[in-house]
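Going by numbering that gives the first Met the number 0, the letters in the sequence shown line up with residues 0 to 220, in that order.
Calculated directly from the structure, the hints in this document are not laboratory data.
Among the clues, some could well be false.
[As the list claims (entries may be wrong)] Using 25 Å as the maximum straight-line C-alpha spacing, the simulated DSS-like pairs for lysine-lysine come out as follows:
1. LYS192 to LYS157
2. LYS197 to LYS122
3. LYS116 to LYS44
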Amino acid sequence: MINRAVILAGGLGTRLRPITYEIPKALIPVHGRPLTEHLIDLLKKHQVKNVTLAVGHMRDKIKAYFQNGEKLGVSLNYIEETESVGTGGPLLLGKHLLNETFICSNGDELKNIDIQKMLALHKKNNALVTIALVRVEDPSQYGVARFEGERILEFVEKPKREEAPSNLINSGFYIMEPGVINYITPGFCMLEKSVFPKLAAEGKLFGFVSDGQWFDTGTME
0 MINRAVILAG
10 GLGTRLRPIT
20 YEIPKALIPV
30 HGRPLTEHLI
40 DLLKKHQVKN
50 VTLAVGHMRD
60 KIKAYFQNGE
70 KLGVSLNYIE
80 ETESVGTGGP
90 LLLGKHLLNE
100 TFICSNGDEL
110 KNIDIQKMLA
120 LHKKNNALVT
130 IALVRVEDPS
140 QYGVARFEGE
150 RILEFVEKPK
160 REEAPSNLIN
170 SGFYIMEPGV
180 INYITPGFCM
190 LEKSVFPKLA
200 AEGKLFGFVS
210 DGQWFDTGTM
220 E
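Whole structure, please, built from the sequences with the hints as guidance.
Spelled out as structure tokens, the structure:
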């Protein structure tokens, strides 16, 4: 079992302006409930009850809604970003909480991932990080995974459709070991650009192909 998840909910939501001038992306309603609440539902389904929200932009509104998580049936705390620190920076800020295997997820996608199957693959491979991958028809707008077995060799950024090494992309959902924090530099740090390439080169980055639904909710479409 995994006991803790970190949800990255500090972004500006620039692609969803002007909506995100008034409301943080984490609180945009989808089917009548905030976007990030759907992700908390997924975690609860797999018995992950300790949730940390990394918040920055309009963090007071996010905290006012989610509070301590009691109304959602989870225990919820916060990593507060006073400046943008990317997707890796919040893990360094919250490292005192991350002393065992944990989940890290973007807070702005709708996804249905079999966490137990993903954890089994992660442990089997003795991975430092396992990334949930999803299939897309046109991979040319994403970072596309190149594989050797279940090991990820690299992500090819926005390749031409006919040159893509696969149609599998990063879903923004990860199982991580605490040792990943040693790869994160202080200040602004992007997991995708600064950390994952190093792990791939060391043979410590693996992929779990998820067949569940996945929606990139970063644009109006």
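A quick look at each hint next to the structure:
For the hint linking LYS192 to LYS157, the alpha-carbon distance of about 13 Å falls within 25 Å, and the restraint holds. For a cut-off of 25 Å, the pair hint linking LYS197 to LYS122 stands: about 20 Å separates their Cα positions. Under the criterion of a C-alpha separation no larger than 25 Å, the hint pairing LYS116 with LYS44 is consistent with the structure, at around 13 Å.
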